[in-house]
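Enquirer: Here is how the chains run, residue by residue.
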Amino acid sequence: EVRLLESGGGLVQPGGSLRLSCAASGFTFSSMAMSWARQAPGKGLEWISLISYTGDTTYVADSVKGRFTISRDISTNTLYLEMNSLRAEDTAIYYCVKMRGLGSHQYYSMDVWGKGTTVTVSS
Amino acid sequence: QSVLTQAPSVSGAPGQRVTVSCTGGSSNIGAGYDVHWYQQLPGTAPKLLIYGNINRPSGVPDRFSGSRSGTSASLAISGLQVEDEADYYCQSYDSSLSGYVFGSGTTVTVL
Numbered sequence: 001e002v003r004l005l006e007s008g009g010g011l012v013q014p015g016g017s018l019r020l021s022c023a024a025s026g027f028t029f030s031s032m033a034m035s036w037a038r039q040a041p042g043k044g045l046e047w048i049s050l051i052s053y054t055g056d057t058t059y060v061a062d063s064v065k066g067r068f069t070i071s072r073d074i075s076t077n078t079l080y081l082e083m084n085s086l087r088a089e090d091t092a093i094y095y096c097v098k099m100r101g102l103g104s105h106q107y108y109s110m111d112v113w114g115k116g117t118t119v120t121v122s123s
Numbered sequence: 001q002s003v004l005t006q007a008p009s010v011s012g013a014p015g016q017r018v019t020v021s022c023t024g025g026s027s028n029i030g031a032g033y034d035v036h037w038y039q040q041l042p043g044t045a046p047k048l049l050i051y052g053n054i055n056r057p058s059g060v061p062d063r064f065s066g067s068r069s070g071t072s073a074s075l076a077i078s079g080l081q082v083e084d085e086a087d088y089y090c091q092s093y094d095s096s097l098s099g100y101v102f103g104s105g106t107t108v109t110v111l
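Protein chains in written order, with our numbering: chain A, 1 to 123; chain B, 1 to 111.
Next up, chain A with everything else stripped away, as it sits in the complex (with noise of 0.2 Å):
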């Protein structure tokens, strides 16, 4: 069965940093796109960063360009996202996300979801 634990959210102050962790169980990490995607409270969903399997190649959203990276540690199947000069609006639960897909990753799905972890930016 397929796992994603996402850990590492909490409160933090505006202009701080947060890192998120996912540990992947039930496939085989290293072949697999992942991504993180953010759902505001009461809000829809937003992808928020892919990485390729090969974690040589990242696509980062406009939102958090500059701000947010993504990467991962095949040895431990873990996934990360490192999130610098928080702001107000970046409060949401995050999610850790296994893509599906063959070829270009335009045509990739969100396969499997964690159950998230929540991160807010509050003075």
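All the pointers check out, no bait thrown in.
Listed below are the simulated DSS-like cross-link pairs for lysine-lysine, each with C-alpha atoms no more than 30 Å apart in a straight line: (1) A:Lys65 to A:Lys115; (2) A:Lys115 to A:Lys43; (3) A:Lys43 to B:Lys47; (4) B:Lys47 to A:Lys65; (5) A:Lys43 to A:Lys65; (6) A:Lys115 to B:Lys47.
Source of the hints: derived by calculation from the structure; they are not laboratory data.
With chain A fixed as given, assemble chain B onto it according to the hints.
Expert: For chain B alone, coordinates are given in the frame of chain A:
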């Protein structure tokens, strides 16, 4: 403002068929990028419902079906059941934004 437009809500009686629509533009659905659908039950994480416009992952009932035409896509739920009450989101890729985009979400209510 979501790039993909969905009606805020749709409702139907048990057993009926309802349709959730998703309208995009020339840089996403109209450009030929696949549309995927997600179901989010209250208080839970989203779940992939339809991928590649028409395909159901293993375990998804065949009451759920997807289609795409031009700059729009639709999710149909036939034989509506109480447990189908949820938020439904469409998703595609947008070449202008160079990223994945979601619809604003549609809440399906079973009367």
